[in-house]
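*Asks:* So the protein lines, in turn, are chains A and B. Take numbering that gives the first Met the number 0: the last position of the first sequence gets the number 250, and nothing is skipped along the way. Take numbering that gives the first Met the number 0: the last position of the second sequence gets the number 146, and nothing is skipped along the way.
Just so you know, these hints were derived from the structure itself, not from any lab. Among the hints, a few may not be true.
DSSO-like, lysine-lysine: derived pairs with alpha carbons at most 30 Å apart [said to hold, decoys possible]: (1) B:Lys134 x A:Lys157; (2) A:Lys7 x A:Lys157; (3) B:Lys5 x A:Lys87; (4) A:Lys116 x B:Lys5; (5) A:Lys116 x A:Lys7.
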Amino acid sequence: MNWTWFHKWGSPKWFYEMSGRWVFWLALVAAVLLPVGLVWGLAFAPPDYQQGNSFRIIYIHVPTAILAQSCYLLLAVAGVIGLVWKMKLADVALQQAAPIGAWMTFLALLTGAIWGKPTWGSWWVWDARLTSMLILLFLYFGVIALGQAISNRDSAAKACAVLAVVGVVNIPIIKYSVEWWNTLHQPATFKLTERPAMPPEMWLPLLVMVIGFYCFFAAVLLLRMRLEVLRREARSSWVKAEIERQLGGRK
Amino acid sequence: MNPLRKKRLFIVLGILAGVAIAVGLALTALQQNINLFYTPTQIANGEAPQDTRIRAGGMVKEGSVQRSADSLEVRFVVTDYAKDVTIQYHGILPDLFREGQGIVALGKLNAEGVLVADEVLAKHDEKYMPPEVTKALKDSGQLPKEG
């Protein structure tokens, strides 16, 4: 098997050069899709037959919840790469993705609470889905706190990677909590094997929002990673040259 | 992949598998405690404890809701299409509460097996539909008409 595509990621300089191009396109797609999806979902999609207009919060709730879980999977994959291949970039990705994931989880919980009050009659119940999602938030807090508490970069990277990998057990629990136990949260509307329990004029804007959120997440993550790479490699000659170029003689 | 990396990969996967098994066993052991509510069948079989607050969940039976004329007192039957449980509640019901809707009620079972609830939560399903579609389905008889 040819591993060169993989080993390229070991070079912060290569990453910095490539990501510069990707960020622009990702940000552009996000900037188009998010307003389109938001206006489409909030103003033009039909209301639900039972919940009326309050179901429209789905267009924020579902994308943030999907992102919160995808982001944790990314943390775990970065953790494995960091532990096994000792790639510096993996730790950069892990540290920089954790706060974004924490915000996504927080937003999913917040929009869920706002949605729960009118539909269920309660802001919060300790059912399996909500509780496992709260645990996800604490896992993110744990990764962030651990990364900042240990001053030695390598030990911090190792500790965070182990926590990220171990915590990934929570992801299938979140996903299947609504099937394994009786919960107040309803089961998934979208399944890979079945048609969605929702008509296209409702799920199309949702799909737009989900793709938009993914692009937004990727763009923000790359921007944060680029900055962190510059900070960590500050003493290397290519970073000095790059900063020189960016400042453009403004001295 | 060189042998050192392979070894580290197996250690990481081993740790992950160990944690997954431990959590899986713990969750299986806690199965009953994680369930948010008891179904009417479980209550009828005596699986639900008698003198503590429990949650009962199921569908509100069609035509079973009796409201008191001069107070917020309401009685209805919750079913899982196998067994029924009668629920008595005093208070304002959530917007989504209606016959045929899934609900969860929190309260104590009394001597006659009636659940005296102090909180009623509405459960909604994973299906979303525009109102026109619902109307069309009702007109063509594919959905029951509401009373």
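*Asks:* Provide an ascending list of the numbers of those earlier hints which the structure does not satisfy.
*Replies:* 1, 4 and 5
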